Amino acid sequence: MKRYLLKQLLARIPLLIGITLISFMVIHLAPGKPTQLQTEMNPKVSYEAIQRLEKLYGLDQPLYVQYWRWLSRLVRFDFGISFQDNRLVLDKIVERIPITLFLSFLSLIIVFLVALPIGVISAVRHNSLLDKTLTVLVFIGFAAPGFWVALLLMQLFSVKLGWLPVSGIRSFGTEHFSLMEQVVDVGKHVVLPVFVATSGSLAGISRYMRGSMLNVIRQDYIRTARAKGLPEGLVIYKHALRNALLPIVTILGLSLPGLLGGAVISETIFGIPGLGRLFFEGVMARDYPLVMGGLVMGAVLTLLGNLLADVAYGLVDPRIRILGEERPAG
Amino acid sequence: MQHPPLPNSAPFFFLKPLQILFFSLFFLSGCGGADLPEEKQFSADPIPVTGDRFITGSIAEPKNLIPILASDGASATIVGQVFNGLVKYDANIELTGDLAERWEVSEDGLEITFHLRKNVRWHDGYPFTSEDVLFTYQKLIDPKVPTPYSGDFERVKDVEIVDSHTVKVTYKEPFSPGLASWGMAVMPKHLLENEDLTNTPFSRNPIGTGPYRFKEWKTAQYVELEVNPDYFEGRPYIDGYLDRVIPDQSTLFLELRVEGVDSLNLTPLQYQRQTGSPFFKETYQRFRYPSFSYAYIGYNLADPRFKDLRVRKALTMGLNRQAIIDGILFGLGRESTGPFVPTSWAYNPKVSPLPYDPDEAKRLLAEAGWEDHDGDGWLDKEGERFEFTLITNQGNEQRKMIAELAQRQWEKLGIRVKIWIIEWTAFISQFIDQKKFEAFILGWGLGRDPDLYDIWHSSKTRAGEFNFIQYHNEAVDQLIEEGRRTFDQEKRKAIYHRLHWMIYEDQPCTFLYVPDALPIFHARFKGIELAPLGVGHNFIKWYVPKHQQKYLTQ
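Chains A and B, in that order, give the protein sequences.
Using numbering that gives the first Met the number 0, the first residue of the first sequence is number 0, and each one after it goes up by one.
Using numbering that gives the first Met the number 0, the first residue of the second sequence is number 0, and each one after it goes up by one.
Derived by calculation from the structure, the hints in this document are not laboratory data.
Note that this is a predicted model, so its numbers are computed, not measured.
By construction, the Cβ of each residue, glycine as well, lies at the ideal position given by its N, Cα and C atoms.
Be careful, since some hints might not be right.
[Said to hold, decoys possible] Think about it this way: if two alpha-carbon atoms lie no more than 27 Å apart in a straight line, the pair counts; the simulated DSS-like pairs of lysine-lysine are:
#, chain 1, residue 1, chain 2, residue 2
1, B, Lys156, A, Lys187
2, B, Lys156, B, Lys540
3, A, Lys187, B, Lys349
[What the hints assert, rightly or not] Simulated coverage check for chain A against chain B, where a stretch passes if three residues somewhere in it have a Cβ under 8 Å from a Cβ of chain B:
#, segment
4, 5 to 19
5, 83 to 91
6, 120 to 132
7, 151 to 157
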């Protein structure tokens, strides 16, 4: 197992380098330079000053030199310095991880808690009125644009009713409150963002669950179980559900990069200092080091997520065994 | 011009004039004639008291609080509260002393001697002296410091410390805009001399001489300032200043609605349609005054069609600019007649806008050879149809609407216009800088000094420079240069009045409008004073009566 993991990890390194090379090229292909944005068409910025900025940032060098410099820093875990504010890219990313992780974990858990039962019920009551109602509801959640739902909810809960704050992650000056009050304060701030994030993702997971469950229910061993006279509850929740959950494990593994990706629109509307906004603003400002930092993080997490899904699949599904582990020696 | 996805709506009424320069630049979303504030009776509360906190919101987060590196609007707003320059503009847009008590300009205009205020201390208690001024200058011209502001200071020959509170600046040649450039915030030598400016905690923890001291910066959430009780112009009344980062316009407006922020720059739509309710009338006070910016349609003057003055004139006369102001700004603006705005002393009130006259426009076009020879409904000349593409940047609804309006009105003249909306960075780097355009819509935010060199001088046409329309007029060039050499205010005024007239005569672009700035403030703030400079100039005199104070700050 250890050897397998190690081998898989090593095999992914060239892949990672390939990804960074392509990403680097692509973001430099995008028109515009960071220096232009930094100076915002300010007529007081002289031509010479811009040349100077480009030189300081190394932007006057050929692209392969820039990439080589970037790569040689990366192997020392140096992501470079953000063009926008001269801060370490790593610092900028790390400071936003907790809130991003908190929100996306919370949403992920709620999505699974809600979507899985919806999927199961829809499959068991296949084509019933309940199935159709649930389907319509989750699709409405999926189709309604997040920013629009967010604004409507803010208008209702914050402006009209005054129950929840409009934006931000905590109220100003609550640092000295008791722990409980702080938790309540943060809780009030995250209700709407989490709701918006969740309502959009229910459709995917619940449909997956429904499909997978339907698939399983039609299998021979389920018919056998029923024929044996097992109670329907036992058939569904023990025999069918366990097998139907297998593909969901893959999805869980694949959602790993999403956890740190953040949600640009929701973070922007709700004013949440998350990673999505950071990278989005980085792209708009052509802040190459920051964007590359985000891409590397995303690539690493995607590769790890895939590996994790593979391994987890092997663990939960007895039919799949990792090569070289269970196989008899020789 | 505003960077579209992250529109820069730092509360520009607080920028010090010199910093306003360009930050509000392209903020074309608001603006029109000077008006009195909403008919709001200030409750008679004659004795200002201290206390309370002022909360504002900006779309973008500040990036860097080192004054000479702060190139974005949000940073400049904070820098303006924490630091001082040697000079500043007063309420009437005239230069006055800030850290400098007074100054003298030598007869030949080559030397400026600044006499600094004594007894000014940095927020850490260290005394402010000439050394700090010299240090700031040295950093501004240091090639290793990535400052965008070196331009004006490269004309300086030498900065010399006469004594601890006197500094003498010598220029290579007389340079009148140089005086205003000393509004650049001065940095503390004792804290920065051994620091690498590109990598110092100071950029997020600044120490200045200004009315407010830096307290805390929570990334992507807020920047908090607290009052500097020892401020040399007297203690500001309001104890705290909080700049919240709220990256979405609609959210920002909802925050205003729930009183989560105390101020906002309204859009014309918000001003006319969304802030008239009894709630807003009671809770807020609105202001309206001409901003220091204008919108225009620029033409590529290297294009033979646009080289012809008659064509440019026809395009302007065929465009109903008042209709644009009424339709797009809801009347909150006025027609622009050239490179200056009405509140500037350089503005020549005798220049009146070309009338809207489609018939005269058609006549001018015919005179220039543009007529519908083949009867297809479009003008043509030598077998070529009059057709061009009008481009502008994505994310600015007003410019998009201007484009559509211009398209319709020019169509009536027989000119076929295509519209192309392009993402900001690509728009600037691939089209404007490369001069690959026929016509475009943009705006300029202006500095308080009327120097036109960077935008209108014929030498400023390299990629990345600002005379991208490639305007060239020898006489204008000479006058611009003369304006930069002249210190005498009356003489300068005469020069710029003449320039204003000459440029409008040339119609190098179609000047559209000067939008109104439309700030709104919570009604509990008293003492807000509307002046030609705007409303932020006397912020340290604002106060909240005791019984209306909302936040406990001490």
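Inset, instruction - Count the residues of the segment 120 to 132 of chain A whose CB lies closer than 8 Å to any CB of chain B, then report whether that count reaches three. - result: Our answer is that it is violated, as 0 residues pass the Cβ test (under 8 Å) against chain B, missing three.
Inset, instruction - Apply the coverage criterion to the segment 83 to 91 of chain A and chain B: a residue qualifies when its Cβ sits closer than 8 Å to a Cβ of the chain, and three qualifying residues are needed. - result: holds (count 5)
Inset, instruction - Take the C-alpha atoms of B:Lys156 and B:Lys540, compute the straight-line distance between them, and say whether it is at most 27 Å. - result: Status violated; Cα separation ~39 Å.
Legend entry - 8 Å C-beta test of the segment 151 to 157 of chain A against chain B, three or more residues: holds (count 3)
Legend entry - Proposed proximity, B:Lys349 with A:Lys187 (alpha carbon, max 27 Å): 59 Å, violated
Legend entry - Pair hint outcome, B:Lys156 versus A:Lys187 [Cα-Cα no greater than 27 Å]: Status violated; Cα separation ~59 Å.
Inset, instruction - Test coverage of the segment 5 to 19 of chain A by chain B using CB-CB distances below 8 Å; three residues minimum. - result: With 0 residues closer than 8 Å to chain B, the segment 5 to 19 of chain A misses the three-residue bar; violated.
Taken one by one, the earlier hints fail for this structure at numbers 1, 2, 3, 4, 6, listed in ascending order.
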